Amino acid sequence: MNTILQAEGLTKYFGRMAAVDGVTLSVREGQLTAIIGPNGAGKTTFINLMSGFLTPDRGRIVFRDQDVTKLPPAARVHLGLTRSFQIMTLFPDLTAEENVLLPILARRGAVGRAFTPYKADREAREEAGEVLQRIGLWSYRDTPARLLSHGDQRLLELGIAVATRPVLCFLDEPTSGMNPQERRAVLDLVQELSASRTTTFVIVEHDMDVVFSLADYIYVLHRGQLLAGDTPEAIRQNPRVREVYLGEEVSG
Amino acid sequence: MSFQVLLYQGLVGLSSAMYLWLLSAGLTIVFGVLGVLNFAHGAFFMIGAYLAYTFYGILGFNLAVSIALSLVGTAVIGVLVERFLVKPIMHLDHAFQLLLTFGLVLIFDDLAKAIWGGVFMIPPMPRVFQGAVWILGTPFPIYNLFVIGAGVAVWLLLWLLFEKTWWGRIVRATAADPQMAAALGVDVKRLYTGVFALGVMLAALGGALGTPVRVVAPGMGSFMIVQAFIVTVLGGLGSLTGAFVGALLVGVLSSYGTLLFPTVELALIYLIMAVVLLVRPHGLFGRARA
Amino acid sequence: MKAGPAPQAAATGAARIVYGLALVILLVLPFVSSTYTQYLVIHMMMLAIYALGFNLLFGYTGLLSFGQAAFYGIGAYVCAGILLRYPSLLAGILGGVAAAAAVALIIGLLSVRHTRIYFTMLTLAFGMLVYSVLWKWRAVTGGDDGLVGIPRAPLDFFGLAVIPVRTVTSFYFFVLAVTLVALFVLHRIVHSPFGLSLQGIRDSEVRSQFVGVHVRKHRLLAFIIAGAYAGLAGALLAPLESAVTPVISHWSHSGDAVLVTLLGGVRAFFGPAIGAVLFVVIRELVVRITEYWQLVMGIIVVVLVLGFRGGMAQAVMDGWQRWVVHGLAQRQPPVPAQVQAPAPVGQAQARVERGEEP
Amino acid sequence: MHGARGALLVVLVAVIVFLAVPSALAQCELGVDRIRFGGQGVLTGPLADYGRQIQMGMQLAIEEINAAGGILGCQLEMRFLDSELAPAVGVRNARQLADWGAHFFVGTDSSGVAMALGPVLQELDIIQFFTHAATHRLTEELVYEQGIKQIVRVAAPIYQDAVGALVVKDMPEVKRWATIGADYEYGYVAWQMFKDLLKRHRPDVEFVAEAWAPFFTMDFTPHIASVMAANPDGIFVTPWGGEAVMVLRQALQMGVFDRIQVWWQSMGGSVDALEGLTREIQADQFKGKLWASARYIHNWPDTEMNRRFVEAFQNRWARLPNYSAESAYSSIYIAKAAVEKARSLETDAIIAALQDMVIETPAGVRVFRNEDHQFEYAVPAGRAMYDPGYPIAILGDLRVFDTSEYWRYPPFPPLD
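Chains as they are written, first to last, in my numbering: chain A, 1 to 252; chain B, 1 to 290; chain C, 1 to 358; chain D, 1 to 416.
Don't take every hint at face value.
DSS-like, lysine-lysine: derived pairs with alpha carbons at most 27 Å apart [unchecked claim]:
#1 LYS119/A - LYS217/C
#2 LYS169/D - LYS195/D
#3 LYS217/C - LYS70/A
#4 LYS149/D - LYS341/D
#5 LYS199/D - LYS169/D
#6 LYS175/D - LYS289/D
Under 7 Å between C-beta atoms, here's a sample of chain D residues computed to sit facing chain C [unchecked claim]:
#7 PRO87
#8 GLY112
#9 VAL167
#10 LYS169
#11 GLU185
Don't read these hints as lab results, they were simulated from the structure.
Remember, it's a predicted structure, so these values are computed and weren't measured experimentally.
Every residue, glycine too, gets a C-beta built ideally from N, C-alpha and C.
All chains, please: the whole structure from these sequences, using the hints.
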């Protein structure tokens, strides 16, 4: 399997404190990768660097043999690199369908069109329909996102990310604040999408069970540094990881 | 152009800046704490002036007493407005706040006309303040000195109030996080009312101080309010220091404008504001607010 | 506060009936009414163009501009300038619109980097800058006396056809035609992918970036379109009044756009147009009754904000839903059961999180 | 949206209601039920009293004439609207008043409104008697050049503001002049005309400083300071109404009157200004250096008619009339004279009747200037002083000049 994303010596300071400190790692195509670590390990900062929300103070990001370190978010999206958010950022007043339609139109370079009704764009709407079917929100397509339940909003969040047809998609704690069955639904969806081999997912989580049930490969961050990177089994055995997490449990 | 002239012109600008400062102070405090942009703030400036005129010019009280009474009167009106009109729209988008308070401006202006008539009024200058002192070989009005003093004093008092008093700390805490403050047992509703009253009293003070040298007329506040907006924004919304510096900047610079390039003076303050905002989007002393 | 996209049932029979009725009335009006009434309706139409353009920025993109009057003024002055030299209505109008759009491009480039109140104040400042220029550049603008004696030049299609619009009535039909075209175009824009992206930006700037929308570029485009519409309204004013003065670019006139739009309602596409009609009618009636028209206007505004925040369109919509729609077949999709029974935590959280949006 | 449509429906109904506009039925000697005078002036904001004065003047005249049997047996009727000092509003008002059936218009405050009205008057073909707006362009451009015959100005135009030059030319020690000007056409042009006229008589004077104050300036101290920096002997000041009072009182505070010879307040002779300054004038705080001109002075001329007018006005309104009131009052009587001569309300007939008209009015004898429809009459300038005979300060030590000495005449040479 070939590498599609390469982070080299990535460093980001907040004030004097390095939130991400010389992290070097790579993501292989089709491999459902997870990045874990206790709270404050720098996971969210890392994802922000990857998606272009922040720019690193040192290091570079190579996506499919192209240096994207300095590219703004929208540009990365067009290259196939996107993310979902932990704190929900849907389009609350748009319907579920419009929520997924927008990324599709954007990808097809149609958002520049200002004179043809978007409702008339058959292909785009069919594609949107497929996405909605897939995330199981088809029956709510005309419901404004703000009226959906939390679980469904999470699914829609995922749907929007997927609708951009990303080559690589970062999921920032996709199951936070969910009840068990909602969580199940999301994780199944991720697994299914990942299995379809069109998109490579990187899940960022601090919840271990989620990760081990799902990931093919796991990176562990601690205090902004890369602690380990290995298969789930190996990670389970890794003494330093255990120490970190046990310490975590003791202290917390 | 001699150094004295420039200095004198600056001093003159300083005194006219003070009215602007008093108006802006209330505006920025109310925005900083309640998050409300009060278009009607200028109307309170007018109300303060009219009340002061009524007590001082018509009923013949002395100036200090009249100003005090006008502050109280304005505060009462302010409390009513806050309770029944501002409270319901606090959580709304700024557009609605601007709109409602704009409606208030129309109402107050016409009411003033109905009560006091359309004719402008101007009471006599109290004995003590008549005449001038010689500064830089030029007479400078005593009253303007007094106004400068008053403005600076108000700034100091406000600073003490917010930095050094218990109430001030509560206000700042509430401004930062109302939910938390409420959870800690602060009566946020009452606090808001209090802050709003304080704000309009500052506006009223500005209006009242003007009565001996400026005319009192319907709609006088509407012409000040936009300037006050500009001052508060380029100073940084919600920042007292910002409002103070902003007012001085606008006052003094437009004073120099009249002296040095009279023809473009009109456009000056808008230029200043545009430039400042382009360089510092949140104003000179402003922080980005969530 | 935010404009929802028009629901599925966009062009129902009811719609056609009302639109048709409106058109018929507008068409027969000149034959049954005094020139003054026609004059007022012309103003309604110009105000509608002005406010609808503003609402593309406000209701659809979520940017509150307090400087639209600047573009209105530029449209008016440039049109006036052209007509005073070269008597062709078309040239004047197009020139005015182009100039307004051009200035909107410049001011927009500087303004759209900011959002919310800072954007509002920046547009206010630039707007008043334009006002000061119109006031002070006497050689060109005639100062506060303005430009006077602007001819209501004939509509000259580059010599192909020449239609005189000298009388109020004929000018009325010209403005009507322009208004219909303008509304049609804007309606298309709002319902296009571009229009959708604007609503996306309004709902969540961050998210829009991460679905690949160039937020600033689209904001700028919206700003230019709104400016062009303001310019169009202004350009129509010049030949109507045959005089233009700086006050039309004063901030208070920018305020009118806000007032009119909120009066009619930001949620509905036609809200601002309705607001324009109401605004003119109300003011007209009030001024006839009392010298204290400001007082009455003020009270109306306050009541409106406290009571009918959705604007009149919304207020009537509720009544419409209650009395008419429920009489007819159900047009709205049934509200999903799940909406009534949401995961409480989620709902609350979602609300808090959205709280961070402007 | 349904709402849009529903609302639209409601609105359409409103519009339909709107269409029903009743029109008057003919009667009386002139074939109308009443002769309608549509007036407008500013009734809101700090200058609201100016519109009010026009309104009071019109109403007084109309009441008098109706009591005396009207014009050719026709009663007079008036409607008055607020111009808000906004051209757009002024134009709308004119159209509304025309719709109401006005035969004549009276009033208007700012020059901007007046200029905007010109073309509309032509379109509506209704004569307006202008009672305040002073810009020379109204008569020189719109009437003389563009031939908008519906414009008739009863009030003295901006030429009157230059009359001061004829007074100060005889003050040899006053050489350095500065202006604190109203920052709009009125201020610029008045200063220009004053300079031109003064230069003609006094090549030795220099003009050393200018400061411009926009409408609704509250604080003039920066302007005063910046002109005083040039040590002028005389200051020519054009802000009017409440602003005139403010600038003068603030100048007092700055001790200006110890450092200059003359302060010329262009519109200082107006009642509102004198009312606002009576206290200071009585205490002679201006040291007799405050001079002013006006478009009418209630204590001049000392004629039977003027005394009757001022008295009647005070009885009716408990105020003294300012120039707006006088010219509005006179406008009605001029209209009366013209209609009675023309025995018609047709524009052309009225204009014909106005040709060479000489008519006595409270402000003195007015002569109609055929070329530009400007009524010509001389108004004196004078020194602000106190006379126990009057409730407020007056202009005394009056200097009257023949209009030919300072008015502009056709063909009007361009102002440089």
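Verification of the supplied hints:
A hinted pair counts as satisfied when its Cα atoms are at most 27 Å apart, and LYS119/A with LYS217/C qualifies at roughly 23 Å. Between LYS169/D and LYS195/D, the direct Cα distance comes to roughly 11 Å. Compliance with the 27 Å bound is thereby established for this hinted pair. For the proposed pair LYS217/C and LYS70/A, the alpha carbon gap of about 19 Å is at most 27 Å, so the pair holds. Only pairs whose Cα atoms come within 27 Å are accepted, and LYS149/D paired with LYS341/D is accepted, the gap being roughly 18 Å.
Using a Cα cut-off of 27 Å, the hinted pair LYS199/D and LYS169/D holds, with the two alpha carbons roughly 9 Å apart. A C-alpha spacing of about 15 Å is found between LYS175/D and LYS289/D, which places the hinted pair at or below 27 Å, so the restraint holds. For PRO87/D, the shortest C-beta to C-beta distance to chain C is roughly 4 Å, which falls under 7 Å, so the interface hint holds. Interface restraint check: GLY112/D against chain C, minimum CB-CB distance 5 Å, threshold 7 Å, status holds.
Against a cut-off of 7 Å between C-beta atoms, the interface hint on VAL167/D is violated, since the closest Cβ of chain C lies about 28 Å away. Hint status for LYS169/D relative to chain C: violated, with the closest Cβ pair at about 28 Å, above 7 Å. Because the closest C-beta pair between GLU185/D and chain C is about 5 Å apart, less than 7 Å, the hint holds.
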